[in-house]
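A.B. asks: Work the whole structure out from these sequences, hints included.
Quick mapping for you: the protein sequence lines, in order, are chains V and C.
Sequential numbering from 1 applies to the first sequence in the working numbering.
Sequential numbering from 1 applies to the second sequence in the working numbering.
Incorrect hints may have been included.
With a straight-line Cα cutoff of 30 Å, these simulated DSBU-like cross-link-like pairs (lysine-lysine) come out [as the list claims (entries may be wrong)]:
1. Lys233(V) - Lys169(V)
2. Lys61(V) - Lys107(V)
3. Lys204(V) - Lys84(V)
4. Lys84(V) - Lys3(C)
5. Lys132(V) - Lys18(C)
6. Lys75(C) - Lys18(C)
7. Lys85(V) - Lys438(C)
8. Lys214(V) - Lys233(V)
9. Lys3(C) - Lys116(V)
10. Lys132(V) - Lys108(V)
11. Lys219(C) - Lys108(V)
12. Lys84(V) - Lys25(V)
13. Lys84(V) - Lys19(C)
14. Lys19(C) - Lys52(C)
15. Lys75(C) - Lys84(V)
16. Lys125(V) - Lys19(C)
17. Lys116(C) - Lys151(C)
18. Lys3(C) - Lys61(V)
19. Lys132(V) - Lys67(C)
20. Lys107(V) - Lys19(C)
21. Lys85(V) - Lys18(C)
22. Lys218(V) - Lys204(V)
23. Lys85(V) - Lys25(V)
24. Lys64(V) - Lys87(C)
25. Lys3(C) - Lys108(V)
26. Lys438(C) - Lys107(V)
27. Lys84(V) - Lys18(C)
28. Lys132(V) - Lys219(C)
29. Lys178(V) - Lys3(C)
30. Lys85(V) - Lys169(V)
31. Lys65(C) - Lys132(V)
Please keep in mind that the hints were generated in silico from the structure rather than gathered at the bench.
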Amino acid sequence: MLSIRNIVKQYASQRALDDVSLEVKQGQVFGLLGPNGAGKTSLIRIINQITAPDSGEIYFKGEKLNPSHIEHIGYLPEERGLYKKMEIGEQILYLARLKGLSSAEAKKRMKYWFEKLEIQTWWNKKIEELSKGMQQKAQFIATVLHEPELLILDEPFSGFDPVNAEIIKNELLELNRKGSTIILSTHRMESVEELCDSIALIHKSHKILDGEVKAIKKAYRNNTYFLEYEGPKFAVNGNAPFQLLSEAATDDGFLLQLKTNDSDMNATLQYFLPHVRITRVQEVIPSMNDIFIEKVNQLG
Amino acid sequence: MNKILLIIQREYLSRVRKKSFILMTFLVPILFIGMYGLIIYFVMNSDEMADKKTVIVADDSGLFKNKMENTASIKFQYATNSYADEKQKLTKSEDEQLYLLHIPADVKNVELLSAKKSGASTISAVENQLSTVMQNERLRNAGIDTAVLAKAQEHIDVSAKQITAEGEKDAGTFMAYGIGFVTALLIYMSLFIYGAQVMRGVIEEKTSRIVEVIISSVKPFQLMLGKIIGIGMVGLTQFLLWIILTIGLTTVGSAVLMNGQKMDKNKTEALMKSTTSGAAMSAANGGTEITMTAGSKQEMGMKIMQQLNAVPIAYTVTMFLFYFLFGYLLYSAIFAAVGSAVDNETETQQFMLPVTLPLIFTFILSMNFVINNPDSNISFWLSVIPFTAPIAMMIRIPFGVPVWQLALSMSLMVAGFLFTTWLAARIYRVGILMYGKKVNYRELGKWLFYKE
Numbered sequence: 001m002l003s004i005r006n007i008v009k010q011y012a013s014q015r016a017l018d019d020v021s022l023e024v025k026q027g028q029v030f031g032l033l034g035p036n037g038a039g040k041t042s043l044i045r046i047i048n049q050i051t052a053p054d055s056g057e058i059y060f061k062g063e064k065l066n067p068s069h070i071e072h073i074g075y076l077p078e079e080r081g082l083y084k085k086m087e088i089g090e091q092i093l094y095l096a097r098l099k100g101l102s103s104a105e106a107k108k109r110m111k112y113w114f115e116k117l118e119i120q121t122w123w124n125k126k127i128e129e130l131s132k133g134m135q136q137k138a139q140f141i142a143t144v145l146h147e148p149e150l151l152i153l154d155e156p157f158s159g160f161d162p163v164n165a166e167i168i169k170n171e172l173l174e175l176n177r178k179g180s181t182i183i184l185s186t187h188r189m190e191s192v193e194e195l196c197d198s199i200a201l202i203h204k205s206h207k208i209l210d211g212e213v214k215a216i217k218k219a220y221r222n223n224t225y226f227l228e229y230e231g232p233k234f235a236v237n238g239n240a241p242f243q244l245l246s247e248a249a250t251d252d253g254f255l256l257q258l259k260t261n262d263s264d265m266n267a268t269l270q271y272f273l274p275h276v277r278i279t280r281v282q283e284v285i286p287s288m289n290d291i292f293i294e295k296v297n298q299l300g
Numbered sequence: 001m002n003k004i005l006l007i008i009q010r011e012y013l014s015r016v017r018k019k020s021f022i023l024m025t026f027l028v029p030i031l032f033i034g035m036y037g038l039i040i041y042f043v044m045n046s047d048e049m050a051d052k053k054t055v056i057v058a059d060d061s062g063l064f065k066n067k068m069e070n071t072a073s074i075k076f077q078y079a080t081n082s083y084a085d086e087k088q089k090l091t092k093s094e095d096e097q098l099y100l101l102h103i104p105a106d107v108k109n110v111e112l113l114s115a116k117k118s119g120a121s122t123i124s125a126v127e128n129q130l131s132t133v134m135q136n137e138r139l140r141n142a143g144i145d146t147a148v149l150a151k152a153q154e155h156i157d158v159s160a161k162q163i164t165a166e167g168e169k170d171a172g173t174f175m176a177y178g179i180g181f182v183t184a185l186l187i188y189m190s191l192f193i194y195g196a197q198v199m200r201g202v203i204e205e206k207t208s209r210i211v212e213v214i215i216s217s218v219k220p221f222q223l224m225l226g227k228i229i230g231i232g233m234v235g236l237t238q239f240l241l242w243i244i245l246t247i248g249l250t251t252v253g254s255a256v257l258m259n260g261q262k263m264d265k266n267k268t269e270a271l272m273k274s275t276t277s278g279a280a281m282s283a284a285n286g287g288t289e290i291t292m293t294a295g296s297k298q299e300m301g302m303k304i305m306q307q308l309n310a311v312p313i314a315y316t317v318t319m320f321l322f323y324f325l326f327g328y329l330l331y332s333a334i335f336a337a338v339g340s341a342v343d344n345e346t347e348t349q350q351f352m353l354p355v356t357l358p359l360i361f362t363f364i365l366s367m368n369f370v371i372n373n374p375d376s377n378i379s380f381w382l383s384v385i386p387f388t389a390p391i392a393m394m395i396r397i398p399f400g401v402p403v404w405q406l407a408l409s410m411s412l413m414v415a416g417f418l419f420t421t422w423l424a425a426r427i428y429r430v431g432i433l434m435y436g437k438k439v440n441y442r443e444l445g446k447w448l449f450y451k452e
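C.D. replies: Here is the structure:
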């Protein structure tokens with residue numbers, strides 16, 4: 001769908017992107033992660049053809065990225081804004097027509113979206129009369145109205161209250177099911193785990209990690225488990241097939257965190273089975289947040 | 001191309017639909033005609049309007065008795081009592097229009113006494129009359145005949161004629177002066193007004209952050225050009241409406257006025273013609289009228305009409321629209337670049353000076369120098385350099401400009417507009433995406449050489 005190859009972008013004094021390559025597959029929800037100032041926005045602007053890279057190439061569905069692709073891309077920037085004095089209906093219509101939609105078609109789709117997001121009574125209101133959440137909804141409609149094949153959203157949930165964030169999240173998932181590929185730039189890791197199929201981590205203008213979320217998590221697991229048992233305390237002796245990381249008393253027993261010597265839990269279970277009544281065993285999977293922090297800290 | 005039209009349409013409609021635009025469009029011509037009408041009314045009725053003053057002449061010299069001539073506003077009476085008595089009477093009197101003129105026997109230290117401060121016009125009228133009477137008296141004493149005197153005081157009118165290939169025609173210097181002044185002033189003001197609108201529009205888009213959404217659909221250059229053209233069309237619409245409304249209102253107004261004043265057919269036609277030149281012309285007309293109150297009303301009216309006929313109206317209006325349009329395009333591109341480089345309006349000041357300085361400089365120089373020396377070297381250069389040409393050339397046009405100079409100036413205008421637009425676009429494309437950075441001239445210079 002989108003193939004980014006060896007992109008370099010240099011601003012006067014700093015390098016915003018250094019040899020960044022990415023592959024976004026058709027139908028994916030792709031998370032673009034990284035601390036502030038890592039180069040995410042620069043990359044997004046290049047994909048949107050707002051700026052051009054110094055070197056490197058981008059291919060959109062196999063074709064070299066060119067202005068005709070603008071109509072197939074929808075972009076929601078992080079810093080949102082609309083004309084304050086313009087009526088909301090007129091404004092979305094204007095933005096849709098700039099994306100190449102006919103006036104009649106745009107109006108038809110606007111009706112659908114206004115009803116869906118329950119803002120049909122706001123058509124003739126000026127932006128400055130709307131609440132921040134309403135403005136965000138309006139901007140969201142403007143982003144998706146031309147039914148782009150590729151949606152690029154920069155921090156889409158910032159500024160939404162939890163209810164509206166949920167609505168927008170569900171709309172995104174529905175668009176994704178209907179076939180839109182989505183690039184999500186964010187540093188909110190819980191939305192990454194929930195939504196993204198693949199991610200790329202950008203740090204100090206370099207890509208330091210990318211791949212499918214599942215694979216990355218697998219790669220980052222470190223044989224750490226929770227084990228909980230009922231009954232009196234069982235003293236762990238020296239030749240156990242694991243390292244004990246922590247031990248804490250619960251209402252009717254103990255909760256241990258341990259790191260096994262093997263890549264699985266079997267030997268450890270065998271060690272405990274004759275002595276205690278096990279109630280729960282769970283692998284500790286690192287969250288994307290942990291991986292993110294670990295990776296960034298590693299590189300300093 | 002289609003997208004730039006959409007942008008122009010939005011910029012145009014969102015401004016033309018504003019209440020302030022509609023208000024300005026109707027209010028300005030009405031105010032203007034009102035002012036014009038008032039001036040005409042005052043000039044025509046000045047005699048009736050002025051207060052009737054009575055000046056009691058206490059003449060100790062005996063030279064002035066019965067020699068002062070009553071005018072429309074001043075009536076002379078000759079004191080029957082002594083100066084001291086009259087002075088006492090004046091002190092008690094509550095009549096503010098009562099004056100006492102005291103002429104001592106040696107005609108030195110003449111005094112004009114009144115209850116309130118005397119108006120300058122009254123003083124000068126009295127002074128003039130006294131001087132004339134004294135002059136005549138001295139001349140007569142020297143043995144010069146009264147008849148010779150009367151002959152000697154003939155008024156001579158100079159009418160400037162310009163020799164052209166078609167023969168002589170009225171030079172219409174007064175009118176040229178007025179038209180040059182008003183059209184240059186209009187261009188000067190509109191460059192500021194509409195240029196600032198472009199700048200504010202750019203800043204609005206930048207601070208509201210909508211610019212990022214828009215330039216993910218169109219090129220920054222298209223957005224900038226669309227805005228400039230859209231606002232330029234608002235300016236043209238405004239001028240056009242003003243001209244049409246002014247013509248309409250003056251036609252109605254003068255028809256009403258004609259009924260009262262019973263002007264002959266020739267004059268009416270001439271006045272109708274004069275109205276077609278619209279706002280600019282009418283102002284010049286009004287201005288000239290004030291300066292010419294010396295002549296009799298009839299003569300004055302004829303003179304104005306003659307001078308107006310000497311002005312090629314279509315040519316002047318066309319030139320005005322050309323220099324407004326290209327002057328606007330040239331300057332508004334710079335205004336757009338300035339708007340793109342800053343985060344809010346207060347920061348614009350450091351960049352505004354180099355933009356406004358040439359404008360103010362030209363304006364002052366034009367009003368003081370070019371208008372008096374329209375064919376001098378300096379005037380020539382000012383009227384061909386694109387940054388100063390819109391104002392300086394408008395001053396020169398009513399006086400007549402050689403075709404080659406006009407052609408040179410106009411082509412340089414077009415070239416200048418292309419140059420500033422190119423320059424501005426390079427700054428603009430970088431500036432609109434740059435936030436929270438204090439920008440200086442060196443930074444702007446670097447932006448010029450950024451790649452896409």
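A.B. asks: Which constraints among the numbered hints does this structure fail? Numbers only, ascending.
C.D. replies: 1, 3, 6, 8, 12, 14, 15, 17, 19, 23, 24, 26 and 31
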